[in-house]
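S.K.: Now for the letters of each chain:
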Amino acid sequence: MPALVALWCIAALLALAVAAIGAARTTVGSFLVYGGSLIASLLALAVGVITLIDGAPAEPMVLPVGLPGLGAHFRVDALSAFFLVVANLGGSAASLYGIGYGRHERTPLRVLPFFPAYLAGMNLVALADDAFSFLVAWEFMSLSSWALVMANHRAPENARAGYIYLVMASFGTLALLLAFGLLAGAGGDYAFAAMRTHHPEQTTGLIVLLLALLGAGSKAGLVPLHVWLPLAHPAAPSHVSALMSGVMTKIAVYGFIRIVFDLVGEPVWWSSMIVLALAGVTTVLGVLYALMQHDLKRLLAYHTVENIGIIFIGIGLAMAFRASNMNWAAALALTAALFHVLNHSIFKSLLFFGSGAVSNATGERNMEHLGGLIHRMPKTAVAFLIGCVAISALPPLNGFVSEWLTFQAILVSPQISQWGPRFLIPAVGALLALSAALAAACFVKAYGITFLGRPRTSAAETANETDGFSLAAMFVLAALCVILGVVPGAVVELISPVVQSLVGARMPAQSYLPWSSLIPIAESRSSYNGLTVLLFLASSGTVTALFIHRFATRATRRSAIWDCGYPNASPATQYTSSSFAMPIRRVFGTTVFDVREVVEMPRPGDTRAARYHVKVLDPAWRYGYGPVARCVLRTTTKLNRLQFLSIRSYLTLVFVTLILLLLMVAAWR
Amino acid sequence: MAMMIDLAAQAAQMLLVLAIAPLILGITRKVKARLLRRVGPPLWQPYLDLRKLMHKEAVLAHNASWIYRAAPYFVFAVTWVAAALVPTYATNLMFSWSADLIALVALLATGRFALALAGMDVGTAFGGIGSSREMMIASLAEPAMLLVAFTVALIAGTTQLSAIAETFATADVGLRVSLGLALGAFVMLAIAENARIPIDNPATHLELTMVHEAMVLEYSGRHLAMIEAAAALKLALYFSLFACLFVPFGIATADKSPEALAIGLAAYIGKIVLLAVLLPIGETAIAKMRVFRYPIFLGGAFAASALAVFLLFVSRSF
Chain A
353 MPALVALWCI AALLALAVAA IGAARTTVGS FLVYGGSLIA SLLALAVGVI
403 TLIDGAPAEP MVLPVGLPGL GAHFRVDALS AFFLVVANLG GSAASLYGIG
453 YGRHERTPLR VLPFFPAYLA GMNLVALADD AFSFLVAWEF MSLSSWALVM
503 ANHRAPENAR AGYIYLVMAS FGTLALLLAF GLLAGAGGDY AFAAMRTHHP
553 EQTTGLIVLL LALLGAGSKA GLVPLHVWLP LAHPAAPSHV SALMSGVMTK
603 IAVYGFIRIV FDLVGEPVWW SSMIVLALAG VTTVLGVLYA LMQHDLKRLL
653 AYHTVENIGI IFIGIGLAMA FRASNMNWAA ALALTAALFH VLNHSIFKSL
703 LFFGSGAVSN ATGERNMEHL GGLIHRMPKT AVAFLIGCVA ISALPPLNGF
753 VSEWLTFQAI LVSPQISQWG PRFLIPAVGA LLALSAALAA ACFVKAYGIT
803 FLGRPRTSAA ETANETDGFS LAAMFVLAAL CVILGVVPGA VVELISPVVQ
853 SLVGARMPAQ SYLPWSSLIP IAESRSSYNG LTVLLFLASS GTVTALFIHR
903 FATRATRRSA IWDCGYPNAS PATQYTSSSF AMPIRRVFGT TVFDVREVVE
953 MPRPGDTRAA RYHVKVLDPA WRYGYGPVAR CVLRTTTKLN RLQFLSIRSY
1003 LTLVFVTLIL LLLMVAAWR
Chain B
2 MAMMIDLAAQ AAQMLLVLAI APLILGITRK VKARLLRRVG PPLWQPYLDL
52 RKLMHKEAVL AHNASWIYRA APYFVFAVTW VAAALVPTYA TNLMFSWSAD
102 LIALVALLAT GRFALALAGM DVGTAFGGIG SSREMMIASL AEPAMLLVAF
152 TVALIAGTTQ LSAIAETFAT ADVGLRVSLG LALGAFVMLA IAENARIPID
202 NPATHLELTM VHEAMVLEYS GRHLAMIEAA AALKLALYFS LFACLFVPFG
252 IATADKSPEA LAIGLAAYIG KIVLLAVLLP IGETAIAKMR VFRYPIFLGG
302 AFAASALAVF LLFVSRSF
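These protein sequence lines map, in sequence, to chains A and B. When we follow the working numbering, the leftmost residue of the first sequence carries the number 353, and every step to the right adds one. When we follow the working numbering, the leftmost residue of the second sequence carries the number 2, and every step to the right adds one.
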């Protein structure tokens, strides 16, 4: 039943996509398409929530589409339902935002048809119950989002981003294809139900796991497979960026969890170490690169890499716990990971919406050209601030809760029986702690440079507040950030059937606790209560303010900036994005970044201005992709000669190939 | 009735930290002045300073936003709540379960986040330099602080501060390598987080060497009073944390009789005063560091605490 309703929603979205081709030229068209997407996503969201609360057993559905005679299998179990919630929460918010934001679209025909199709693709991945429909849906999702990345294809950097995205997406799908091929086994039964009944043996299982890590990891943005992400996510229109960063990376996480926790069975115990090591590195590198960015949307995209790292730390911990039969701890770690999936989809969408509002209002994405927007866009500034606090994992908002749960999971890991993970996990814990603090620095910079200070350009000075629909979408998400942070127990309850079905245990029931406390293991071990913290903060802050205003003075005078007596009217004297990040660049510069600083100092007597260039490169390009790309280029240049041979040489080539193949066949037999 | 007593005990703790915080500052300043062969201001001078600032007119820049005006109250509230959550004279107070040690570290980070934003609000170079450096220090100090938290949590088997203090006060924890490393790291962090020498100088008048002071340079009047009070509270918090994590002796645990509470209170004040005397002695003995040497100092703290956690992962008996 839930699968049927969800499939109808997807069908509606696909129909919308087709209708949008015709409707894109009209002004109502955009409203209708986004409005329709909003309704369909809300319906699918309701399906997900009801399935999670209801807990009805999942019933498989076979539709007579896809491969002839075999059909396509769909099913909504707890895991699918949870990711339906994540996908459609983001999807509905993006649709609502799109109603307002889409009006500014210059080429609606390049966006409108693909938007509902993209939503439909992501939903289909979560619903698919066989390898074939999973891969078709996965590719559909990739290609529709590629079309959206290319919406503004005239910008050369967008074309490059689209190209790299396409290459990485194909690579990822190839890895998944091979993984499913191994899972299907010699019998070739491609339905998930069949894979569940006979798990592959351990070596095959390990290869499947590695392939899943490559396939899903490249879509999610695990270092070093992340390089396409900071290029492609910012290139799309902002509501699509929100979906790509907030939702599609989570669908990739879904793919990984589905394969590793559901289909593979028990992988070898040390496989968790690969995941943990990659995740730990991803977490810190993601946030450090985010700190170095000046483009607001690119900063957000890089920061997604960090959050994917945090999610994968949770998943890796769950794998390690499962391998040493600590199912209760695996439940805690997996709950933390899934909670962070939900949280990140909320605040990352919110922040991308905010950056879209800013770039619409000013035409700028470069933070060095912004500033002072809190005065011109006060409402956006509030919503964006809530997103920044939430993503920096600060109490009492939601980002903190999931990180706190991850820390709690790390703190029970000395009980793991194998030594490998026990040596690795403290290091991962240290990396997670480091990334949490760096994230705060990153978002102080993002918010401080963009919204605070004095406007650096006239575009920032004359910006106007964004429209009502966009604001509504942002404030709904901001409210969710607060609510999820204050009553985390409800979310844990929502996630518990998922965790129960995957690791056979769950976190202790949270619903009976007074004041909606959160207790991961036992009350004597640790507890956190967002509600009391919030109430405490609110009451002590109010009491203090009232006390001061009543018993001291309220006298206030407005005056010029003091600045130690030497104020300078030029906004260029403010700290900029690069100067803010400079100390951290210095600290980590030699080890982590590929920083090139060039100082052009004019000779004495020369009146030219001195220039200072800083270029921060992602070492993944220099050491990973660069050599590969150069190698491919060299080989192809060499092979290029083959295109200009005479007919005689071609015939010889064909003949030689034939002989070789025949020899191979002969040797094989 | 029992609830009223519990509530009163919690309120007493909130008021105790608030009342004692400026005194700590007064003691450190007095001792420091004596060490420099000056007479120094009286012990209660910080109270007078706060009172004076509160009654002064607040001067705001024309382009100061609501963040600039709200941040001092917010920072004060966050620091006060965090300080009230650290057990001082007794464990297991009414709200001790609402946030654990990790949440406490994060609460302080929330306050710092707000203050760093406020530093950038008006758009001056000094505000920016302060915010940027503060976040750089925090990005190295906070993870180390979390690792210290992990160390004590792994030994005590809980992250609840009250339960940790109780374990350390009553159970036989003994001398441990990991605790020693954590103690060293904690002292270094407390110095960095409270903007003391050698990381920062609370009494500096040279703007380029300022970190915390540069960030709040534009503040005046009651807003400045709030920030100064928050800074004093933060120092009190770190002292209390030191007392309850590393020397929790005398703290009232299960026995909540008036005598036990009185002993707890006396022990707490004794420990705090001792720390307030030791801090300036340490400060006068060393010189301030260059900004780009901070990572070495803080990296040392990070490495020490990481080593402590690592040892505990190898064996609980370290």
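There's no promise every hint is true.
To be verified - These stretches of chain A come out as covered by chain B in the derived footprint (C-beta under 8 Å, 3 or more residues):
1. 374 to 383
2. 579 to 587
3. 718 to 728
4. 793 to 804
5. 813 to 824
6. 905 to 919
7. 931 to 940
What the hints assert, rightly or not - Computed spacing ranges between beta-carbons, pair by pair:
8. A/W973 <-> B/R70: 40 to 48 Å
9. A/E817 <-> B/F247: 45 to 53 Å
10. A/T894 <-> B/M95: 16 to 24 Å
The set of hints was computed from the structure by calculation and includes no laboratory data. Think of the CB as a built atom: it goes at the ideal place given N, C-alpha and C, for glycine as much as any other residue.
S.K.: Hints first: check each against the structure and report whether it holds.
M.R.: Hints and how they fare:
no., hint, in the structure
1, 374 to 383, "violated (count 0)"
2, 579 to 587, "violated (count 0)"
3, 718 to 728, "holds (count 4)"
4, 793 to 804, "holds (count 8)"
5, 813 to 824, "violated (count 0)"
6, 905 to 919, "holds (count 12)"
7, 931 to 940, "holds (count 8)"
8, A/W973 <-> B/R70: 40 to 48 Å, "holds, 45 Å"
9, A/E817 <-> B/F247: 45 to 53 Å, "holds, 52 Å"
10, A/T894 <-> B/M95: 16 to 24 Å, "holds, 20 Å"
In summary, the structure is inconsistent with hints 1, 2, 5 from the numbered list given earlier, while agreeing with the others.
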